[in-house]
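Chain by chain, the residues:
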Amino acid sequence: MSNLSVKHLIAIKDLQPEDVQLILNTADNFKEVLNRPIKRVPTLRDITIANIFFENSTRTRISFELAEKRLSADIINFSSSSSSVKKGETLIDTVNNILAMKVDMVVMRHQSPGAPVLLSKHIDATIINAGDGTHEHPTQALLDAYSMMEKLGEKSGKRLNDLKGVKVAIIGDILHSRVAGSNIHCLKMLGAEVTLCGPPTLIPKHIASMGVNVSYNLKETLEWCDVANILRIQLERQDIKFFPSLREYSLYYGINKELLNALSKEIIIMHPGPINRGVEITSDVADSKQSIILQQVENGVAIRMAVLYLLAGRLD
Amino acid sequence: MQPRGVFLAKRIRKTLEELLPGITINFGLLDATFYRDDFRHREKPLLAEETDIEFVVDGKEVVLVDDVFYTGRTIRSALDALLDFGRPAKIELLVLIDRRLSRHVPITPDYVGKTIDAVTSEKVRVDWDHDGNGRGDAVWIVPSKE
Numbered sequence: 001m002s003n004l005s006v007k008h009l010i011a012i013k014d015l016q017p018e019d020v021q022l023i024l025n026t027a028d029n030f031k032e033v034l035n036r037p038i039k040r041v042p043t044l045r046d047i048t049i050a051n052i053f054f055e056n057s058t059r060t061r062i063s064f065e066l067a068e069k070r071l072s073a074d075i076i077n078f079s080s081s082s083s084s085v086k087k088g089e090t091l092i093d094t095v096n097n098i099l100a101m102k103v104d105m106v107v108m109r110h111q112s113p114g115a116p117v118l119l120s121k122h123i124d125a126t127i128i129n130a131g132d133g134t135h136e137h138p139t140q141a142l143l144d145a146y147s148m149m150e151k152l153g154e155k156s157g158k159r160l161n162d163l164k165g166v167k168v169a170i171i172g173d174i175l176h177s178r179v180a181g182s183n184i185h186c187l188k189m190l191g192a193e194v195t196l197c198g199p200p201t202l203i204p205k206h207i208a209s210m211g212v213n214v215s216y217n218l219k220e221t222l223e224w225c226d227v228a229n230i231l232r233i234q235l236e237r238q239d240i241k242f243f244p245s246l247r248e249y250s251l252y253y254g255i256n257k258e259l260l261n262a263l264s265k266e267i268i269i270m271h272p273g274p275i276n277r278g279v280e281i282t283s284d285v286a287d288s289k290q291s292i293i294l295q296q297v298e299n300g301v302a303i304r305m306a307v308l309y310l311l312a313g314r315l316d
Numbered sequence: 317m318q319p320r321g322v323f324l325a326k327r328i329r330k331t332l333e334e335l336l337p338g339i340t341i342n343f344g345l346l347d348a349t350f351y352r353d354d355f356r357h358r359e360k361p362l363l364a365e366e367t368d369i370e371f372v373v374d375g376k377e378v379v380l381v382d383d384v385f386y387t388g389r390t391i392r393s394a395l396d397a398l399l400d401f402g403r404p405a406k407i408e409l410l411v412l413i414d415r416r417l418s419r420h421v422p423i424t425p426d427y428v429g430k431t432i433d434a435v436t437s438e439k440v441r442v443d444w445d446h447d448g449n450g451r452g453d454a455v456w457i458v459p460s461k462e
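First to last, the sequence lines map onto chains A and B. Going by the numbering used here, 207 is the number at position 207 of the first sequence; the sequence numbering is gapless. So the number in the numbering used here is just where the residue sits in the second sequence, counting from 1, plus 316.
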């Protein structure tokens with residue numbers, strides 16, 4: 001028996017290493033459930049969960065929704081484009097109105113960093129951050145770590161328990177990425193070495209203070225790493241030009257098959273999606289057998305079930 | 317049944333295979349944590365153990381094995397869990413110890429090692445010589461800590 005040290009999942013940096021281990025170990029059990037003929041357990045049948053998405057999402061929203069359904073929770077879905085938010089209702093009012101209908105947990109994606117923290121201070125429900133602006137995306141970091149541990153342990157037939165000594169490169173638009181922030185905290189906690197790589201304009205100044213290496217040379221970084229997590233260029237968050245053209249970006253920082261074939265070992269390729277094929281990653285790499293992009297999506301459901309299960313256990 | 321029924325189930329399987337050479341007994345581990353009805357009535361969430369059922373349960377005669385049969389709630393959740401794997405021809409229950417005065421649900425075991433009349437302030441502890449506690453095979457009635 002064990003318990004998370006937090007009541008909400010807002011950021012990886014709020015978690016203790018034991019929390020991360022607890023979530024990953026619980027995900028093992030749910031992964032097994034997802035391989036059963038009936039992929040559903042009745043655990044959360046008395047819980048109602050609201051999925052509140054103020055920003056577009058395919059994977060995360062479907063993954064959370066499926067995780068909730070696999071746990072037999074009741075669900076309401078809400079997206080800002082079709083709601084009264086357009087009429088000027090504030091975030092706290094919107095959520096309080098939803099909670100008045102007896103909702104226990106809120107899964108929220110919001111374009112503003114810090115929105116889930118604000119919410120957790122003003123409302124009486126468990127908050128799970130499904131991405132807040134450029135801040136954090138904790139479940140993505142957990143599923144990324146889980147997928148790495150699973151792939152790296154594949155030869156021994158058992159998922160690794162940590163990432164001690166594993167070299168992970170996070171490549172691309174670090175500046176606008178919430179995935180990078182959460183991943184750095186999570187990977188460091190599990191003992192991995194992290195190098196960030198991308199054009200200087202897309203790597204925040206002083207980021208090395210998080211205990212990561214920074215490189216502007218893609219070839220060197222790929223030669224160094226065991227795992228490359230490739231991030232999307234987030235054009236929707238870029239108000240100014242950070243690089244001359246997408247063509248130039250993909251020339252210097254795009255991952256293609258020739259680059260990978262020239263390496264001395266086979267590295268693991270990851271991407272949190274959605275992929276911009278031909279920009280940060282070419283199709284032949286994304287679809288190659290060293291890519292675990294679809295396993296990441298599969299593991300996402302198990303990770304989110306684990307998070308929901310453990311947090312629901314803390315509800316009054 | 318995870319976690320404590322596994323020791324007994326392994327021993328029964330070994331004994332049967334020695335007695336009846338050539339027999340095949342499908343063996344699986346079942347954890348019913350996610351099917352329990354007392355989730356959220358506890359201080360902390362229960363952590364699950366491994367479930368590992370490698371064979372098809374459809375049409376099979378399944379014997380659930382557990383060490384101590386107490387309120388019956390674990391077995392109730394185990395029945396739900398097992399039925400999610402398929403439709404067995406028959407399900408029976410084998411327990412080492414039956415605490416017959418403490419039932420919360422109408423379930424009765426088919427095979428019982430020993431029936432014990434222990435009160436709720438007592439706890440029945442089963443030790444196995446290979447469970448890592450080093451205490452050897454024994455059944456104890458001890459005062460409950462709660």
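Wrong hints could be hidden among the right ones.
Derived DSS-like pairs: lysine-lysine, alpha-carbon spacing no greater than 27 angstroms straight-line [claimed, not checked]:
{"#": "1", "chain 1": "B", "residue 1": "K360", "chain 2": "A", "residue 2": "K121"}
{"#": "2", "chain 1": "A", "residue 1": "K158", "chain 2": "A", "residue 2": "K241"}
{"#": "3", "chain 1": "A", "residue 1": "K7", "chain 2": "B", "residue 2": "K360"}
{"#": "4", "chain 1": "A", "residue 1": "K39", "chain 2": "B", "residue 2": "K376"}
The following label-pair restraints were derived from C-beta to C-beta distances [what the hints assert, rightly or not]:
{"#": "5", "chain 1": "B", "residue 1": "H446", "chain 2": "A", "residue 2": "N256", "range": "22 to 28 angstroms"}
{"#": "6", "chain 1": "A", "residue 1": "K121", "chain 2": "B", "residue 2": "F371", "range": "29 to 35 angstroms"}
{"#": "7", "chain 1": "B", "residue 1": "V458", "chain 2": "A", "residue 2": "P113", "range": "52 to 58 angstroms"}
{"#": "8", "chain 1": "A", "residue 1": "Y216", "chain 2": "B", "residue 2": "K326", "range": "40 to 46 angstroms"}
{"#": "9", "chain 1": "A", "residue 1": "I38", "chain 2": "B", "residue 2": "K360", "range": "41 to 47 angstroms"}
FYI, nobody ran anything at the bench for these hints, they're computed from the structure. For glycine and all other residues, C-beta sits at the position ideal for the given N, C-alpha and C.
Verification of the hints:
Annotation: proposed proximity of B:K360 to A:K121 holds, straight-line Cα distance about 23 angstroms (limit 27 angstroms). For the proposed pair A:K158 and A:K241, the alpha carbon gap of about 45 angstroms is over 27 angstroms, so the pair is violated. With a CA separation close to 12 angstroms, the supplied pair A:K7 and B:K360 stays within the 27 angstroms bound. At roughly 21 angstroms between alpha-carbon atoms, A:K39 and B:K376 fall within 27 angstroms of each other, so this suggested pair holds.
Taking 22 to 28 angstroms as the suggested C-beta distance range, the pair B:H446 and A:N256 does not conform, at roughly 55 angstroms. Checked against the given bound of 29 to 35 angstroms, the beta carbons of A:K121 and B:F371, roughly 51 angstroms apart, lie outside it. In this structure the supplied range 52 to 58 angstroms holds for B:V458 paired with A:P113, their Cβ-Cβ distance being about 54 angstroms. Distance hint check: the CB atoms of A:Y216 and B:K326 are about 58 angstroms apart, inconsistent with the given range 40 to 46 angstroms.
Range check, A:I38 to B:K360: Cβ separation about 27 angstroms, and the 41 to 47 angstroms hint is violated.
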